[in-house]
Amino acid sequence: DAGVIQSPRHEVTEMGQEVTLRCKPISGHDYLFWYRQTMMRGLELLIYFNNNVPIDDSGMPEDRFSAKMPNASFSTLKIQPSEPRDSAVYFCASKLTSGEQFFGPGTRLTVL
Amino acid sequence: AQSVTQLGSHVSVSEGALVLLRCNYSSSVPPYLFWYVQYPNQGLQLLLKYTSAATLVKGINGFEAEFKKSETSFHLTKPSAHMSDAAEYFCAVSAYNSGGYQKVTFGTGTKLQVIP
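Chains as they are written, first to last, in the numbering used here: chain A, 45 to 156; chain B, -2 to 113.
None of these hints come from the bench; they were simulated from the model. Mixed in with the good hints, there may be bad ones.
DSS-like, lysine-lysine: derived pairs with alpha carbons at most 25 Å apart [stated by the list, open to error]: (1) A/K122 to A/K68; (2) A/K68 to B/K100; (3) B/K46 to B/K100; (4) B/K46 to A/K68; (5) B/K65 to B/K100; (6) A/K122 to B/K66; (7) B/K65 to B/K55; (8) B/K108 to B/K55; (9) B/K66 to B/K100; (10) A/K68 to A/K112; (11) B/K66 to B/K55; (12) B/K100 to A/K112.
Stretches of chain A that chain B covers, calculated by requiring three or more beta carbons in the stretch to come under 8 Å of a beta carbon on chain B [stated by the list, open to error]: (13) 82 to 95; (14) 141 to 155.
Residues of chain A placed beyond 12 Å of chain B at every Cβ, according to the derived structure [what the hints assert, rightly or not]: (15) Q50; (16) E58; (17) M59; (18) E62; (19) R66; (20) E106; (21) K112; (22) A116; (23) S117; (24) T120; (25) Q124; (26) E127; (27) S131; (28) F135; (29) A137.
We put the beta carbon where it would ideally sit given N, CA and C, even for glycine.
Work out the full structure: start from the sequences and follow the hints.
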């Protein structure tokens, strides 16, 4: 398996623009997680899904953030409108029940 | 509710010295425990995991951790530090919540510096 795939790897955008981050989990995994990592706040869990259903989105910072998982092999994290404070590395991870998480390489987002 | 506490956000050791990174957890149900490593500009990767089998768990790169239920600890050790061990290390706990779903909680991370 190719592991967790994230795209794009780098994204530079201007404040106010919509940003969409994409994730393809490992085939067969039933959990998918979105994290954000910054120097100031460390690793933060934003939202996680089980069998494509959002289970806990309490970590989503505000209504500008939304995440979807339309099927078992694809998820998106959208920020609209983006702000400079959203600049961070966003990680997607997937796992099997009772297994460890496998992390993607991350998307480095810069909002100017 | 579950939580993870990593003592020491930064740890420095000399090359060849013992590495000890501390992790304490709390969980109301039997947990699974993990250590992950993150090298600069990379994602997290699994070092080792405890899933209720042997309490002493061996991982990659010579690391090991011991699950101590009485102390609610899962400290990470390596007998002899290598320069390539410089990275950030995260402890994580995973357990079923009241809704029947697995909840994963990460610690705040410990940055390991290895001094030549």
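Results of checking the hints against the structure:
A threshold of 25 Å between alpha carbons decides the hint, and for A/K122 with A/K68 the separation of about 15 Å falls inside it, so the pair holds. The straight-line distance between the Cα atoms of A/K68 and B/K100 is roughly 21 Å, inside the 25 Å bound, and the hint therefore holds. Straight-line distance between C-alpha atoms of B/K46 and B/K100 comes to about 16 Å, which keeps the hinted pair within the 25 Å bound. Taking the CA atoms of B/K46 and A/K68, the gap is about 24 Å. The hint holds against a cut of 25 Å.
A C-alpha spacing of about 21 Å is found between B/K65 and B/K100, which places the hinted pair at or below 25 Å, so the restraint holds. This hinted pair does not check out: A/K122 and B/K66 have alpha carbons roughly 41 Å apart, beyond 25 Å. Of the supplied pair hints, the one linking B/K65 and B/K55 holds, its CA atoms being roughly 15 Å apart against a limit of 25 Å. Restraint check: the Cα-Cα separation between B/K108 and B/K55 comes to about 21 Å, which is no more than 25 Å; the hinted pair holds.
Among the hinted pairs, B/K66 with B/K100 is consistent with the structure: their alpha-carbon atoms are about 19 Å apart, no more than 25 Å. As the CA atoms of A/K68 and A/K112 are separated by approximately 12 Å, the hinted pair is consistent with the 25 Å bound. Proposed proximity of B/K66 and B/K55 is supported: the alpha carbons are some 17 Å apart, at most 25 Å. Proximity of B/K100 to A/K112 is assessed by CA-CA distance (about 19 Å); at most 25 Å being required, the pair is judged to hold.
Under a criterion of three residues with beta carbons nearer than 8 Å to beta carbons of chain B, the stated coverage of the stretch 82 to 95 of chain A is upheld, 5 such residues being counted. Coverage of a stretch by a chain is defined here by at least three residues with a beta carbon nearer than 8 Å to that chain's beta carbons; for the stretch 141 to 155 of chain A and chain B the count is 9, and the condition holds. Non-interface status of A/Q50 relative to chain B is broken: a Cβ of that chain comes within 12 Å, the nearest being about 9 Å off. At roughly 24 Å from the closest C-beta of chain B, the C-beta of A/E58 stays outside 12 Å, upholding its exclusion from the interface.
Taking the minimum C-beta to C-beta distance to chain B, about 25 Å, the non-interface status of A/M59 holds against the 12 Å cut. For A/E62, the condition that its CB be more than 12 Å from all CB atoms of chain B holds, with the nearest at approximately 25 Å. Distance to chain B confirms A/R66 as a non-interface residue, since its nearest Cβ pair spans about 15 Å, more than 12 Å. With a least CB separation of 22 Å from chain B, A/E106 remains clear of the 12 Å interface cut-off, as annotated.
Even its closest Cβ contact with chain B, about 18 Å, leaves A/K112 beyond 12 Å, as expected for a residue assigned away from the interface. Every CB of chain B is more than 12 Å from the CB of A/A116 (nearest about 16 Å), matching its label as outside the interface. Consistency note on A/S117: stated as away from chain B, and its beta-carbon is indeed over 12 Å from all of that chain's, at 19 Å minimum. In this structure A/T120 is separated from chain B by more than 12 Å, as the shortest Cβ-Cβ distance comes to about 18 Å.
The non-interface label for A/Q124 is consistent with chain B: the shortest C-beta to C-beta separation is roughly 25 Å, beyond 12 Å. A/E127, annotated as away from the interface, keeps every beta carbon of chain B farther than 12 Å; the closest lies near 24 Å. The claim that A/S131 lies off the interface holds: its Cβ sits roughly 15 Å from the closest Cβ of chain B, which is beyond the 12 Å cut-off. For A/F135, the condition that its CB be more than 12 Å from all CB atoms of chain B is violated, with the nearest at approximately 6 Å.
Remark: the non-interface label on A/A137 conflicts with the geometry, its nearest Cβ contact in chain B lying 8 Å away (cut-off 12 Å).
The structure shown violates the earlier hints numbered 6, 15, 28 and 29.
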